[in-house]
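Student: Using full-length UniProt numbering, the letters of the sequence shown correspond one by one to residues 1 to 591.
Just so you know, these hints were derived from the structure itself, not from any lab.
Note that the structure is predicted; figures quoted are calculated from it, not measured.
It cannot be assumed that every hint is accurate.
Cross-link-like lysine-lysine pairs, in silico, DSSO-like; alpha carbons within 30 Å at most [said to hold, decoys possible]:
1) K411 with K510
2) K462 with K422
3) K586 with K562
4) K498 with K475
5) K62 with K107
6) K331 with K276
7) K62 with K151
8) K422 with K364
9) K276 with K291
10) K364 with K62
11) K475 with K562
12) K107 with K265
13) K576 with K422
14) K475 with K586
15) K193 with K123
Taking CB as the label site, the calculated pair distances span [as the list claims (entries may be wrong)]:
16) I332 with I34: 35 to 43 Å
17) K62 with A311: 20 to 28 Å
18) E527 with I332: 25 to 33 Å
19) N461 with N556: 45 to 53 Å
20) L355 with E536: 15 to 23 Å
21) R323 with E284: 35 to 43 Å
22) K151 with E190: 51 to 59 Å
23) H358 with K501: 36 to 44 Å
24) S191 with E147: 39 to 47 Å
25) G553 with L355: 18 to 26 Å
26) E488 with Q539: 32 to 40 Å
27) K62 with K151: 18 to 26 Å
28) Q97 with E190: 32 to 40 Å
Quick reminder that beta carbons are idealized off the backbone N, C-alpha and C, glycines included.
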Amino acid sequence: MKEIRRKITTYLFHSNTIFVQLVLFTLIVSIVPIGIIGSLLFSHLSSSVEETLNESYSQIAKQYVANMNESLLRYQYRLHQIADNTIIIDELLNRGQDTNPYVKGKKVTVEVRKCLGVEDYNKFRNCMVYSNIKDAKIYGDKVSMIEEARKESWYSEDRILSEGIFTYLSVDRQENILSLIEPIYYIDTESLKKDYLGFVKLDIDTTKLFEPPKDKKELTSPYDIIVLDEEESIVYTSNIYSTSVLEGLAFDQLSSHKMIFKDNKMIYGDRLNLYKLKVLFIFENDFFDRKQETLQNSILWILFLLISLIAITTYLFTRSFSRRVGCLIQKIRLAEEGNFTVTEEIAGNDEITILDRHFNIMLKRLDELIQKNYIQQLEKKEAQLKSLQLQINPHFLYNTLETISSLAAVKHAFDICDLCEKLGDIFRYSLGKNYGEYVPLEQEIRHIQNYIFIQKARFGNKFDVVYNLEQDLLKNQVLRFILQPIVENALSHGLNMKQTKGILTISIKKDEGCICIEVEDNGVGMELNQLIALKEYIQANEVSKEDKKKGIGIRNVNQRIKLACGNQYGITIRSKPNEGTCFTIKLPFIQ
């Protein structure tokens, strides 16, 4: 399993370009959380929609039941009005002015219609008062004798006196009729005897009574209504086909104010408490399915747009990123082929830009080192050629000087003898193999004294030399040939152009653990721009080929000291016009 996972990881992230890796990584990291969040969101919203629909269905059912209870209570009140009407009771007892049964029946009919009113009259199928007084016959549109009622199939004296409500199927009209019964009693105020005078029966068309409000039904999901009596017989149904869902249902659960799901339908049960009727509300579950499907499609579209946005953004970003990386790779490939030409820098401030910037710097330095090495090789070959051209046997030079000195002595030209002796010492110091790179400071001073002796012979009495030397520092080791270029510069550019006699001062002292050698003249000095140019020249890492041809000079001495001893050592210069120039050589203290 680990091997398979390793191979998949290698294939996806290690075998593809960084562009593909970034796209895959971003999509995986974004799609998985988005998918999980989308699923959780859909589940939550689906539950919320279901709860909202259940609450909506519950409110519809409760409102309907409340309206039905109110209507039945109103009808019962009208029955009470009829049963307690004194005019009707008097006519039934034959205590009116007229004993004609039809005249009495007409009066009762008028009173019944008054009590029924006009508000709900269209819902009433019929209303009849049945008299139980055999000696006082009465007949009319709304009144008859109880013998007529006994002929009907619905008549049951026990039910009339006990239940007060029953339903029956009208034979002639083939429709369900809900009948409300109210017994009529007369109570004698003197004897308090209660006499049964008959009953009033109000027939209500269940289709009009229980029909749901059309305007309300259109605003919600479609639903059907089934009304059951206490014996679980159907009193009313808004859709005859909806009764099939009743098969197999436990009727004790139908009025528990809970949703029951069956056959893709949601069934909600409630009761009409006044007459023990059960009301079932059957909602089509496809309405919830449509809501859920709409919600699912909306979430899927949102997720699709979000993932598309992430994919497009990732593509654009990674494309730009990979192009910049590709540009850097191209530079590396060109460098591998030997092309160190720095092209345009990669724009930006991120890590790629930093890598590109440092890579460009590295290419420039590498190119400079290659050029420098190439030039050094040429110079080395040139120096070797010059060395071969100038390679002369030192003994030949010494013998020649000895010959000149002997001839001068014969001629009593002792000053020439001295010059030859000093020049011989200079040749031995310069060409001798007994001297290494470092020499004691006193030998470097002796070499300068020989050099100045020859220069004084050249310039005559044009300058004097003053030595301020700390004797305990003369044993210190210093680089060879570091003073002659400085002294030569002071004589050639400082004192040679001075109209009066000059003074050259050479001082050696110890300062903060270092040795300071000062070569100071009181010559013509330098202007500020000349001084700045000279300082920049001796401190520069690279100079032109023409400057290098000048030979050993101040810059060479400064570079030798820094390379051998460190950047904290070297030459510093100060100068003022017409006052002179001072070169200070700072060296480490080496015993």
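Student: The hint says 35 to 43 Å between R323 and E284; measuring C-beta to C-beta, is that right?
Tutor: The hint (35 to 43 Å, Cβ to Cβ) is violated, given that R323 and E284 are roughly 58 Å apart.
Student: Within 35 to 43 Å or not, the Cβ separation of I332 and I34?
Tutor: Holds, since I332 and I34 (Cβ atoms, about 37 Å apart) stay within the stated range.
Student: Compare the distance between the alpha carbons of K462 and K422 with 30 Å, and conclude whether the hinted pair is satisfied.
Tutor: Since the Cα atoms of K462 and K422 sit roughly 20 Å apart, the hinted pair holds (cutoff 30 Å).
Student: Do the Cβ positions of K62 and A311 conform to the proposed distance bound of 20 to 28 Å?
Tutor: violated, 50 Å
Student: With 18 to 26 Å as the target window, see if G553 and L355 comply at their CB atoms.
Tutor: With Cβ atoms ~41 Å apart, the hint is violated.
Student: Would you check the hint for K586 and K562, treating anything up to 30 Å between C-alpha atoms as holding?
Tutor: holds, 10 Å
Student: For the pair supplied as a hint, K276 and K291, confirm whether the alpha-carbon distance does not exceed 30 Å.
Tutor: Distance of about 35 Å is beyond 30 Å: violated.
Student: Range hint 32 to 40 Å: satisfied by the CB atoms of Q97 and E190?
Tutor: With a Cβ separation near 23 Å, Q97 and E190 fall outside 32 to 40 Å, so the hint is violated.
Student: So if I understand the rule, the pair passes when the alpha-carbon distance is 30 Å or less; does K576 with K422 pass?
Tutor: violated, 34 Å
Student: Tell me if the beta carbons of E527 and I332 are separated by a distance inside 25 to 33 Å.
Tutor: Given a distance of about 50 Å, which is not inside 25 to 33 Å, the answer is violated.
Student: Please work out if K498 and K475 have their alpha carbons no farther apart than 30 Å.
Tutor: violated, 35 Å
Student: Quick one: are S191 and E147 within 39 to 47 Å, going by C-beta?
Tutor: At roughly 28 Å between Cβ atoms, E147 and S191 fall outside 39 to 47 Å, so the hint is violated.
When each numbered hint is compared with the structure, violations occur for hints 1, 4, 5, 6, 7, 8, 9, 10, 12, 13, 15, 17, 18, 19, 20, 21, 22, 23, 24, 25, 26, 27 and 28.
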